[in-house]
Amino acid sequence: GAVVSQHPSWVICKSGTSVKIECRSLDFQATTMFWYRQFPKQSLMLMATSNEGSKATYEQGVEKDKFLINHASLTLSTLTVTSAHPEDSSFYICSAGDTMWTGELFFGEGSRLTVL
Amino acid sequence: LAKTTQPISMDSYEGQEVNITCSHNNIATNDYITWYQQFPSQGPRFIIQGYKTKVTNEVASLFIPADRKSSTLSLPRVSLSDTAVYYCLVGGDDMRFGAGTRLTVKP
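Protein sequence lines, in the order shown, are assigned to chains A and B. Every letter in the first sequence is one number past the one before it in the working numbering, and letter 6, counting from 1, is 6. Every letter in the second sequence is one number past the one before it in the working numbering, and letter 50, counting from 1, is 50.
Treat the hints as calculated values from the structure; they're not laboratory data. Careful, some of the hints might be misleading.
Stated by the list, open to error - In silico DMTMM-like cross-links for lysine to aspartate or glutamate, where the CA-CA straight-line distance does not exceed 20 Å: (1) Lys106(B) <-> Asp31(B); (2) Lys14(A) <-> Glu87(A); (3) Lys3(B) <-> Asp65(A); (4) Lys3(B) <-> Asp67(B); (5) Lys64(A) <-> Asp94(B); (6) Lys41(A) <-> Glu104(A); (7) Lys41(A) <-> Asp67(B); (8) Lys55(A) <-> Asp94(B); (9) Lys14(A) <-> Asp65(A); (10) Lys20(A) <-> Asp88(A); (11) Lys41(A) <-> Asp11(B); (12) Lys54(B) <-> Glu63(A); (13) Lys20(A) <-> Asp65(A); (14) Lys52(B) <-> Asp27(A); (15) Lys41(A) <-> Glu22(A); (16) Lys52(B) <-> Asp67(B); (17) Lys54(B) <-> Glu17(B); (18) Lys20(A) <-> Glu63(A); (19) Lys69(B) <-> Glu14(B); (20) Lys69(B) <-> Glu104(A); (21) Lys64(A) <-> Glu22(A); (22) Lys3(B) <-> Asp88(A).
As the list claims (entries may be wrong) - Here are some chain B residues the structure puts well away from chain A; computed CB gaps all over 10 Å: (23) Pro7; (24) Ser12; (25) Glu58; (26) Ser74; (27) Thr83.
These figures come from a predicted structure and were not determined experimentally. We put the CB at the ideal spot given by N, CA and C, even for glycine.
Go ahead and model the full structure; you've got the sequences and the hints to work with.
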């Protein structure tokens with residue numbers, strides 16, 4: 001199946017710094033990408049939907065100025081957690097649908113962020 | 001709010017067949033039903049997708065009644081490695097996950 005790769009798989013940073021997570025579709029063009037966060041023992045929470053070349057659509061309660069999403073190409077989307085704080089520590093997962101998709105999503109491996 | 005409802009957890013034993021049902025009363029005409037499996041600290045993995053009736057692949061079957069207001073994921077002869085959280089997802093544009101079903105397979 002299609003492959004989506006996330007980087008880094010884990011990152012530790014100090015409070016107040018910014019962290020960028022990359023999500024790449026390796027063998028298909030992803031017109032739409034989704035970003036999720038997941039806390040321990042909980043389900044995935046959709047943060048935002050991004051379409052290539054346009055601004056991301058954020059879910060209610062997600063601060064767009066804090067979680068910057070850029071989907072500049074059909075193979076790359078980035079999530080930047082700005083001025084990270086300990087409460088931003090979480091597992092972040094991206095997913096992508098290809099141009100012919102019927103709702104099947106291809107997920108990255110996830111990125112675990114720990115803010116000290 | 002998620003459009004799906006699943007049991008929070010299920011237990012089974014190795015070798016048994018497991019059926020997990022998902023309710024999606026407000027499914028739209030164009031919506032597909034997709035099931036994913038997630039292990040701890042990993043992204044979800046696609047299991048199966050269907051629109052109506054029955055779909056079968058090498059790992060599971062998906063049963064969808066005529067009214068499409070529910071679907072049942074069937075895992076034949078589960079093993080310990082099938083212990084995971086299973087999510088059903090409905091739709092094409094709305095990719096919000098429900099709570100999922102935590103399946104525990106015991107020896």
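Do the hints match the structure? See the list:
{"no.": "1", "hint": "Lys106(B) <-> Asp31(B)", "in the structure": "34 Å, violated"}
{"no.": "2", "hint": "Lys14(A) <-> Glu87(A)", "in the structure": "12 Å, holds"}
{"no.": "3", "hint": "Lys3(B) <-> Asp65(A)", "in the structure": "28 Å, violated"}
{"no.": "4", "hint": "Lys3(B) <-> Asp67(B)", "in the structure": "16 Å, holds"}
{"no.": "5", "hint": "Lys64(A) <-> Asp94(B)", "in the structure": "19 Å, holds"}
{"no.": "6", "hint": "Lys41(A) <-> Glu104(A)", "in the structure": "24 Å, violated"}
{"no.": "7", "hint": "Lys41(A) <-> Asp67(B)", "in the structure": "32 Å, violated"}
{"no.": "8", "hint": "Lys55(A) <-> Asp94(B)", "in the structure": "17 Å, holds"}
{"no.": "9", "hint": "Lys14(A) <-> Asp65(A)", "in the structure": "19 Å, holds"}
{"no.": "10", "hint": "Lys20(A) <-> Asp88(A)", "in the structure": "13 Å, holds"}
{"no.": "11", "hint": "Lys41(A) <-> Asp11(B)", "in the structure": "17 Å, holds"}
{"no.": "12", "hint": "Lys54(B) <-> Glu63(A)", "in the structure": "41 Å, violated"}
{"no.": "13", "hint": "Lys20(A) <-> Asp65(A)", "in the structure": "14 Å, holds"}
{"no.": "14", "hint": "Lys52(B) <-> Asp27(A)", "in the structure": "29 Å, violated"}
{"no.": "15", "hint": "Lys41(A) <-> Glu22(A)", "in the structure": "24 Å, violated"}
{"no.": "16", "hint": "Lys52(B) <-> Asp67(B)", "in the structure": "9 Å, holds"}
{"no.": "17", "hint": "Lys54(B) <-> Glu17(B)", "in the structure": "17 Å, holds"}
{"no.": "18", "hint": "Lys20(A) <-> Glu63(A)", "in the structure": "16 Å, holds"}
{"no.": "19", "hint": "Lys69(B) <-> Glu14(B)", "in the structure": "30 Å, violated"}
{"no.": "20", "hint": "Lys69(B) <-> Glu104(A)", "in the structure": "19 Å, holds"}
{"no.": "21", "hint": "Lys64(A) <-> Glu22(A)", "in the structure": "17 Å, holds"}
{"no.": "22", "hint": "Lys3(B) <-> Asp88(A)", "in the structure": "26 Å, violated"}
{"no.": "23", "hint": "Pro7", "in the structure": "14 Å, holds"}
{"no.": "24", "hint": "Ser12", "in the structure": "20 Å, holds"}
{"no.": "25", "hint": "Glu58", "in the structure": "13 Å, holds"}
{"no.": "26", "hint": "Ser74", "in the structure": "19 Å, holds"}
{"no.": "27", "hint": "Thr83", "in the structure": "14 Å, holds"}
Of the numbered hints given earlier, the model fails hints 1, 3, 6, 7, 12, 14, 15, 19 and 22; all others are met.
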